[in-house]
Amino acid sequence: ILNVEQSPQSLHVQEGDSTNFTCSFPSSNFYALHWYRWETAKSPEALFVMTLNGDEKKKGRISATLNTKEGYSYLYIKGSQPEDSATYLCAPMNQAGTALIFGKGTTLSVSS
Amino acid sequence: DAGVTQSPTHLIKTRGQQVTLRCSPISGHKSVSWYQQVLGQGPQFIFQYYEKEERGRGNFPDRFSARQFPNYSSELNVNALLLGDSALYLCASSRHTGELFFGEGSRLTVL
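Chains as they are written, first to last, in our numbering: chain D, 1 to 112; chain C, 1 to 111.
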């Protein structure tokens, strides 16, 4: 059973601040690492899917890195905006490729 | 194209009853997965179906069952409901093992 840890649990920043979150997971039996953004009253939305050690992906002001050898991924948000307020979930996929194992998420609140 | 659609959006049941939740995947997606999310936790994997066959099952009791139809839509059934089954049930579709596209969920309350 994979144990996925995300930190911090919650975060409150001011508009314009940059922030980052951490996701740690057992490095054995790794298949892929997913990041999702989940806004209140909406459905989770995929941000990134990463598979290779050293992968770096970017979408606008959001970027992510992956270290499969030590079992962690960072998500960065540059210049946070109120619309970035959401819960950010990381989820490694099991080796069979059938299931995402979600962490509890990091809830970000951005004040204008 | 329409996204993943789930029905009903909200429902209330009493202990011991049975419930069926429905999911229509994005057109062209052959894989459907079900997740349960309780407050304060991340979504927990229940089932994955691909081409109408069960490909993965999470750590849930046999009261939980699912199936996928020829048009790739899916149903999740839960029998003998317990208070602890109260949760948001999310359905997600994908082409195979890539990113998942989630519906907005079915909120089940068991009284």
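Bear in mind the hints are in silico, worked out from the structure with no lab data behind them.
This structure is a prediction, so every number in the text was calculated from the model and none was measured.
Treat the hints with care, as some may be off.
With a cut-off of at most 27 Å between alpha-carbon atoms, the simulated DSSO-like pairs for lysine-lysine come out as follows [to be verified]:
#, chain 1, residue 1, chain 2, residue 2
1, D, Lys42, D, Lys78
2, D, Lys42, D, Lys69
3, D, Lys42, C, Lys13
4, D, Lys69, D, Lys59
5, D, Lys78, D, Lys57
6, C, Lys52, D, Lys57
key: Agreement of Lys69 of chain D and Lys59 of chain D with the hint, judged by alpha carbon distance not exceeding 27 Å   = 24 Å, holds
Straight-line alpha-carbon gap Lys42 of chain D to Lys13 of chain C, limit 27 Å = Within the cut-off at roughly 23 Å; holds.
ask   = Given the proposed pairing of Lys78 of chain D with Lys57 of chain D, does the C-alpha separation stay at or below 27 Å?
value = With Cα atoms ~14 Å apart, Lys78 of chain D and Lys57 of chain D stay inside 27 Å; holds.
task = Starting from Lys42 of chain D, check that the Cα of Lys78 of chain D is at most 27 Å away, please.
result = Holds: Lys42 of chain D and Lys78 of chain D sit about 23 Å apart, inside 27 Å.
request  = Would you mind confirming whether the straight-line C-alpha gap from Lys52 of chain C to Lys57 of chain D stays at or under 27 Å?
outcome  = Roughly 33 Å between the alpha carbons, so the hint for Lys52 of chain C and Lys57 of chain D is violated.
inquiry  = Run the distance test for Lys42 of chain D versus Lys69 of chain D: straight-line Cα separation, threshold 27 Å.
reply    = 34 Å, violated
The structure is inconsistent with the numbered hints 2, 6, although it conforms to all the rest.
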